[in-house]
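Assemble chain A onto chain E, guided by the hints.
Heads up: the protein sequence lines correspond to chains E and A, in order. Just so you know, the working numbering puts 154 at position 154 of the first sequence, and the rest follows in order with no gaps. If you count the second sequence from 1, you need to add 213 to reach the working numbering.
These aren't lab readings, by the way, just hints derived from the structure by calculation. Check before you lean on any hint, since a few could be wrong.
What the hints assert, rightly or not - In silico DSBU-like cross-links for lysine-lysine, where the CA-CA straight-line distance does not exceed 30 Å:
1) A:251 <-> E:43
2) E:198 <-> E:92
3) A:264 <-> A:251
4) A:256 <-> E:38
5) A:251 <-> E:51
6) E:43 <-> A:256
7) E:38 <-> E:51
8) E:38 <-> A:264
What the hints assert, rightly or not - Not close to chain A: a few residues of chain E, all C-beta gaps over 12 Å, as computed:
9) 37
10) 42
11) 48
12) 50
13) 73
14) 76
15) 81
16) 111
17) 115
18) 169
19) 196
Every value quoted in this text rests on a predicted model; they were computed, and no experiment measured them. Glycine is no exception: its CB is placed at the ideal position from the N, C-alpha and C atoms.
Protein chains: 2
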Amino acid sequence: MNAQRFTQGTRSLILQAAFEIVCVYGFAGVTLGHLARKVGMSKSGLFAHFKSIEQVHLALIAYAGEVFRSDVILPALESDAGLPRLEATMSKWLEWTARPGTFGGSPLIAGFFEFDDREGAVRDALLEQEVAWRDHLRQLVVETIETGAFRQDLNSEQFVSELSGICYSFHVSARFLRSPESQAAALLAVDGLLNRAKSGTPSMPPFPSASEG
Amino acid sequence: MNAQRFTQGTRSLILQAAFEIVCVYGFAGVTLGHLARKVGMSKSGLFAHFKSIEQVHLALIAYAGEVFRSDVILPALESDAGLPRLEATMSKWLEWTARPGTFGGSPLIAGFFEFDDREGAVRDALLEQEVAWRDHLRQLVVETIETGAFRQDLNSEQFVSELSGICYSFHVSARFLRSPESQAAALLAVDGLLNRAKSGTPSMPPFPSASEG
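If we strip away everything but chain E, and leave its shape as in the complex, we get (with noise of 0.2 Å):
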């Protein structure tokens, strides 16, 4: 039992070494002999936990989608249903975005862009939880839809793309840019959004005259 349970240990020690080195370097950061060095196990010791680094890669998406669930999913659940929730489900997200020695973003953004033009079972594995968190995001604007507090004829695809943009532009400015100015641009970016699915706003704003001289 106790040799289980420090396998165990080791295991989301590993996890650990391999989610903060990958916060930096990304996927391609994450190697054998890397994880080897910053846990201070020998390869021949890595191996006993996973078969091969792909394991490793996989373990960490399932990892990483665990963090993101805990720290911006379940929390966003208690507030009532409807436009309470998907606003504590953005907000939450935004939070995960800024912090230090986080994918950032969305579950495994840096990831996004790392594995666009790859194929493989890591691909898939960020695909599938992107896949959910998207759906996850649609249901919750359906929601609000369904309580009145946004148009009947809002495209919640539409919403969840342009969502998705925001915050990665939120990335990017805070993170890479690292502008003072990016968490304001990004609250009035997410406001705009919002008062324009609200019931009651036109679909698109009339094309002005003014604008044709």
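Quick look at chain A alone, frame taken from chain E:
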């Protein structure tokens, strides 16, 4: 003279190979070993052209910036100043994003996620390119305000931030999710952004009382 031309040709060849690698594997994939195999040279042969892998990365960023400039920025300058030029730039940018074998999105978008939490000359070079590109976009927005096509009180910084988000979202949707709806969603989001910026539209849609119920 011939020797020098050969040297320059070889340097181009190395950069082109590095460009092909970075598009798929990111900067982490552009190692001396990978590059030497791809161009069929020894590592010491590479050293005759680049003193370190960091020199390759920096040359690659400059090269990608030049390709972006000649494919996106310059052709759009042929359109009239103001809205036509801004629209031409946005359209070329979206085309570039969807094209396989480019970094996509912005000169070096994948690098923003790779180098967000790392310091050094590569990050600095990426940052310089992105700041220059955003300055260029902001200048196009200011010119559009000056022609009267956009509202006088439009926040050009916010416009560029939201436009960048649309482009990142398109990148993920087209290249990672591979959604057949990605282009239509991006165009719809761009139309919305442009329409909200046009003169005669209110800065913020009114809050409908219906949404409070």
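Each hint, compared with the structure:
Under the criterion of a C-alpha separation no larger than 30 Å, the hint pairing residue 251 of chain A with residue 43 of chain E is consistent with the structure, at around 28 Å. Restraint check for residue 198 of chain E and residue 92 of chain E: the C-alpha separation of about 21 Å stays at or below 30 Å, so the hint holds. Distance hint between residue 264 of chain A and residue 251 of chain A is fulfilled; the C-alpha atoms sit about 18 Å from each other, no more than 30 Å. Between residue 256 of chain A and residue 38 of chain E, the direct Cα distance comes to roughly 28 Å. Compliance with the 30 Å bound is thereby established for this hinted pair.
Straight-line distance between C-alpha atoms of residue 251 of chain A and residue 51 of chain E comes to about 29 Å, which keeps the hinted pair within the 30 Å bound. Between residue 43 of chain E and residue 256 of chain A the CA atoms are separated by roughly 27 Å; this keeps the pair inside 30 Å, and the hint holds. The straight-line distance between the Cα atoms of residue 38 of chain E and residue 51 of chain E is roughly 18 Å, inside the 30 Å bound, and the hint therefore holds. Taking the CA atoms of residue 38 of chain E and residue 264 of chain A, the gap is near 29 Å; set against the 30 Å cutoff, the hint holds.
No beta-carbon of chain A comes within 12 Å of the beta-carbon of residue 37 of chain E; the shortest separation is about 16 Å. At the 12 Å boundary, the C-beta of residue 42 of chain E stays outside the reach of chain A, the nearest C-beta of that chain being 23 Å off. In this structure residue 48 of chain E is separated from chain A by more than 12 Å, as the shortest Cβ-Cβ distance comes to about 27 Å. At the 12 Å boundary, the C-beta of residue 50 of chain E stays outside the reach of chain A, the nearest C-beta of that chain being 20 Å off.
Every CB of chain A is more than 12 Å from the CB of residue 73 of chain E (nearest about 19 Å), matching its label as outside the interface. Non-interface call for residue 76 of chain E relative to chain A: holds, since the shortest CB-CB distance, roughly 20 Å, exceeds 12 Å. Every C-beta of chain A lies more than 12 Å from that of residue 81 of chain E, the closest at about 16 Å, which supports listing it as non-interface. A beta-carbon of chain A is positioned within 12 Å of the beta-carbon of residue 111 of chain E; the least distance is around 9 Å.
Interface exclusion of residue 115 of chain E from chain A breaks down, the closest Cβ pair being 7 Å apart, not more than 12 Å. For residue 169 of chain E, the non-interface assignment is contradicted: its Cβ lies about 3 Å from the closest Cβ of chain A, within the 12 Å cut-off. Distance check on residue 196 of chain E: its Cβ comes as close as 6 Å (rounded) to a Cβ of chain A, failing to clear the 12 Å threshold; non-interface status is violated.
Hints 16, 17, 18 and 19 from the earlier list are contradicted by this structure; the remaining hints agree with it.
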